[in-house]
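So you can see what is in the structure, the chains are spelled out below.
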Amino acid sequence: MKISKIRWLVTLASLIVALGAGGAAQAQKKLVVYTSNESTLNDLVFGAFKKETGIEVEPVVAGSGVVVRRLQAEKARPLGDIVWGVSRSLLQTNKALFEPYASKNKDATPAQYRDPDDLWIGNNLHLLVVLQNTKLVPADQGPKSWADLLDPKWKGKIAFTDPANSGSAYATVTMLVDLWGGGDAGWKKVGELFRNLKVLNRSSLVFQGVGNGEYPLGISLEYAGPMWAAGGAPVKVVYPADGTTASMEGVAIVKGGPNPESARAFVDYVNRKDVREMILKATFRRPTRGDVDLSALPGGMPPLSAVKMLAYDEDGWTEKRTKTLERIKDLIQDSR
Amino acid sequence: MTDIVIAGVSRSFGTVRAVDAVDLTVAEGEFFTLLGPSGCGKTTLLRMIAGFCELDSGEIRFGEHRIDRLSAHRRDIGMVFQNYAVFPNLTVEGNVAYGLKARRIPPDEAARQVDEALALVQLAGYGERKPHELSGGQLQRVAIARALVIRPQVLLFDEPLSNLDARLRVSMRAEIRALQKSLGITAIYVTHDQEEAMSVSDRIALMNAGRLEQVGPPAEIYRHPASRFAAEFMGTTNLVKATALGLAAPVWVSLRPEALRFAEEAPAGWQRIAATVTRIEMLGPITRIDSTLANGTPIRMALLDAPHQALAAGAAVSLAFDTARLTVLP
Amino acid sequence: MRLAIPHRQRLPLAIAALGLLFLGVFLLYPLANVFGASLLDSEGQSFTFANYTKMLGRPFYRAAIVNTLGIGAAATAITTLLAVPLAFALARLPIPGKAAILALAAMPLVLPSFVSAYAIVLLLGNSGIVTAALREIGIDIGSIYGAGGIVLVYTLTLYPYVLLPTVAAFKAVDVSMEEAAQGLGSSPGRAVRTVILPIVLPAILAGALLVFIETLENFGVPFVLAEDLPIFAVEAFKLFIGETAPNPASAGVLATLLILTTVLVLLIQRRFLASRRFATNARQAPPILKIGPAFRLLATLYCWAIVLLALVPFFAIVVLSFLEFRGPVLHGNFSLANFATLFSRDLRPLANTLAFASAAALCVTLIGVPVGYVVTRYRSGVATLLDVVATLPFAVAGTVLAIGFVVSFNSGPVILTGGPLILVLAYTVRKVPFAVRSASAIVHQIDPSLEEASISLGRSPLQTFVRIVVPLMLGGILSGVVLTWVTVASELSATVVLYSGPWRTMTVVMFQALEGGGAGIATAAASTLIVVTLIPVALLYRLLRRYELG
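Protein chains in written order, with our numbering: chain A, 16 to 351; chain B, 38 to 367; chain C, 512 to 1061.
No wet-lab data here; the hints were simulated from the structure.
Idealized CB from N, CA, C, for every residue including glycine.
Treat the hints loosely; a few may be bogus.
To give a feel for the contact side, a few chain A residues facing chain C, derived at Cβ under 7 Å [stated by the list, open to error]:
| # | residue |
| --- | --- |
| 1 | Ser54 |
| 2 | Thr55 |
| 3 | Val75 |
| 4 | Val214 |
| 5 | Ser219 |
Calculated lysine-lysine pairs in the DSS-like style (CA-CA distance at most 30 Å, straight line) [claimed, not checked]:
| # | chain 1 | residue 1 | chain 2 | residue 2 |
| --- | --- | --- | --- | --- |
| 6 | A | Lys344 | C | Lys565 |
| 7 | C | Lys609 | B | Lys167 |
| 8 | B | Lys167 | C | Lys801 |
| 9 | C | Lys682 | B | Lys167 |
| 10 | A | Lys213 | C | Lys565 |
| 11 | C | Lys565 | A | Lys203 |
| 12 | C | Lys565 | A | Lys204 |
| 13 | C | Lys801 | A | Lys338 |
| 14 | C | Lys565 | A | Lys335 |
Please put together the full structure from these sequences, using the hints given.
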């Protein structure tokens, strides 16, 4: 009895020690990246980065909300080096957590896609588009514009993401408020749109839904279209004729992170022209840098100049976010 | 081997005084019974002695040693429970050896004592069995062997026979008393069955509402109940005003049914009363005859079986009793 | 007097104190850090209830409360109605393949609920395989989205919570009680109703409570299936870590309400059980009842139908893992490419999952069993407090607890972030209620006089607990271990916030793959997890069977 009790305690203690010690073990050259990019993109970039630099990336993958909450929680003792794949507005609002660094690709990136103090730099753009499942809605019978989505025939057939959980969905709604006259007039029309929408909880459900045929249409991000189409799904991207906007994702160095040198190397790497082309080929991310020739690459993505772009006051809407989200919640509830 | 002193012991549960200032001394080697209706506090008192219930005030001593603040497992008692409490995960042997192992008795010695104890309760050869293979009576024997084998200072029995059938109860109680006497261990026994109490006990403490109603040898309590409660709880009795029996004193008296006879069979000098038979109940060895006195007082009489052929309900009879057998009650 | 504490109370008080200390540090403290926000005004300065009145004033959140409670109640009722007869059949009727059924019944828990939901959509969604097939023959099964679909998935995935403890309880019923009832002239049916059911009721209620609370807390299922039906846990999740506007005050309000609901349900259950205490001390496994062939066939069909139905998402995932995916798109051809891709990466996540699940199951058992014992045996204020605190983790969404952990243990005296211990601790806290509830249900059935007998024979309360109580609880403990092991292996919501660097688990791999374009890898990972989990579960059941026979 006595002996077996002691044996138990020893086993337990050694287990705890072993588990605790694991956290302290340090690899030689490594980099901790907090990323809200999907695993395909992560695996591709981290693998190639290691091959070139020998730096082992330890990814922490989560939704951008989680990533940022975690950064904030760890402010006193940062465990990550890099935050990657989060939206411009999250980068803007969390500048205090970042370390400035002037990327080697700074000049190739238009000024609107980087921080004037070099606290962050944009990597890629997501155009807000409509995805269409061409098996459920023949290619030529889909909507051509945002206005077309107001047609009652689409009621319950358009998947959308809850703006409370998706920066791009928030951008879509607010962009449409402005497009449709701004103020109460714009909100009234957005309210009409909501009557046609199925508001899902996560953006991945929208493109999965359209790709798998759960929903004929979805308001989503550009890359999802070519990605599903490349896999053989009947998915087509509709660039709304009445214009759209781009939502940017970028990278920043965490202030006080454990591996600052590797972090700077990663920021330089991830915006290099050849790397952007590699990323576009595999995952259809539209780069921020203007010198990549899209027509030479797969995915059939039009150059930015061929898409009607709307002016969008991102910083203004970011500022009004709490109030605006409440208004959207009520709008959703009223339209059910 | 030890006398037990219970001094000023009280315990309340909420507003109920379960045990109320009880003073008792149980002599060394005595077979002592706590008797009373359910809720009278007898089980609470027993559990205080065992250490399963705290005292609000007072103290309990085994000999010179005060034990009421001792942990239950250090009190050196053997306890037998109403529902046997035989460990279902151990064999009969494992059960009996349980307390010996706790006392670090060497295995050989323990095995010898277990065999001895099992023989004592007539379960020799049952050591390998699992509890679920045994009957209720056998389980209780295991429980008794388990309590005896550790040679405790004190044996406690908490209604040990109430889950057994009537016939087994009668033979088991005789066995329990014989075992206790042969080992000489002081025993406290809790029951609500007055017949069982009288059968096994050297002395009985009759309890009611947390208090001791009367303490004494069975015969004394039976024959000379100190209160109406004692008179009524210990068997049946006629509880009547003395005046109803044709006596002068204005007091309540207890007259046991078996103290009455038919007048024609009674010695001269016995008090005689006229009555009308209302019911006759033949119970084998005895016959119960219920009747009513002229003033309407019901009277019960018990006779050893004798053919009273002419008697039937409604018959007018004359009854007689010895006034010496009357107990005057406060 | 050396100590003011009566000796009889020392062991339970020591256990309660240790339990409360652990839960105080690793549950209440992190939660206080998270919920403090809900009681502060927008400047974070002064104390206010304004956040509460504001949230409850909005129809959207009121609707969320009503939907959540309604779905929870419906799922709990249906689950219980299905699982109790199933448990009885498995415990007392001659059903072929019982051991297999019992082992299979625990399997739905292996699959993280977001994976189940993914499978359900592929099968029963608007363009699901089953939906399409049925539409071909003219049957419209309606939409899987919404309250009905959520209740369906809950029922199929959560019924083991009721089944496993109830089977153990049915087996622990003393045969003599039943015989006594029948001896008194009761029909067998009446004996079940009046004698057996009251004895197993604590186990059933404990299981039903787990189901109800799990439905309150779970967001994996409604996240996918609710579409735009507002659901409490989903809204709380979004408010906590929504990408756009994390609103800790409002999130704190929802999380607090969620916890208050759980506490209320728990107190009701405790009160209800307090007036019904049943104990039985014979451990003679009750005999298998003799029934006619028709009834036997019916019972067999019933058992297998439920168990297999619940495994449909499970089978679907296994089948999918052997099909070809191009990016995220499923093609119908057989392929091993998913596994090839999965195994070409490192296998560390699999090892992590196994190690974490085992460590957590051990810790949970060491904490949960003594605590479950104390809260059942001792009806004092401390015991009630302990019971409530030990059940709280169930009401705390994993995400919320995890954020509390990061906030609390990233600096200051205890630094845990970055290592694996924080995951094990989070799992332990989250799963302690399992062990407490299942231990408690069994303790309800152990006659207290067994412990008193042991103590009177000279064993201290602690030795008595180890030598008498634990062996008698073994069945319940083992089923608790299985539940813990399996549910830790499929935990996502806390893991995704707490894991770091090399400590990725299988569920994280699945989640990331499914979110990105790698549904194929996700299904392969799920299949692998299924196979690997099956082994210890099967071993444990073997052990359990031997224990019950021996």
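Now the hints, each set against the structure:
Here the hint on Ser54 of chain A is kept, as its CB sits about 4 Å from the closest CB of chain C, short of 7 Å. Checking Thr55 of chain A against chain C: minimum C-beta separation of about 5 Å stays under 7 Å; hint holds. Below 7 Å, beta-carbon pairs count as interface contacts, and Val75 of chain A has one with chain C at about 6 Å; its hint therefore holds. For Val214 of chain A, the suggested interface contact is upheld, since its CB lies about 4 Å from the closest CB of chain C, less than 7 Å.
Because the smallest distance between the Cβ of Ser219 of chain A and any Cβ of chain C comes to about 5 Å, under 7 Å, the interface hint for this residue holds. Restraint check: the Cα-Cα separation between Lys344 of chain A and Lys565 of chain C comes to about 14 Å, which is no more than 30 Å; the hinted pair holds. Simply put, Lys609 of chain C and Lys167 of chain B have alpha-carbon atoms about 26 Å apart, close enough for the 30 Å limit, and the pair holds. Proposed proximity of Lys167 of chain B and Lys801 of chain C is supported: the alpha carbons are some 25 Å apart, at most 30 Å.
For the suggested pair Lys682 of chain C and Lys167 of chain B, the alpha carbons sit about 17 Å apart, so the restraint of at most 30 Å is met. For the hint linking Lys213 of chain A to Lys565 of chain C, the alpha-carbon distance of about 26 Å falls within 30 Å, and the restraint holds. The straight-line distance between the Cα atoms of Lys565 of chain C and Lys203 of chain A is roughly 24 Å, inside the 30 Å bound, and the hint therefore holds. A C-alpha spacing of about 27 Å is found between Lys565 of chain C and Lys204 of chain A, which places the hinted pair at or below 30 Å, so the restraint holds.
Only pairs whose Cα atoms come within 30 Å are accepted, and Lys801 of chain C paired with Lys338 of chain A is rejected, the gap being roughly 67 Å. Pair hint Lys565 of chain C plus Lys335 of chain A holds up; C-alpha atoms about 19 Å apart against a cutoff of 30 Å.
The structure shown violates just one earlier hint, number 13.
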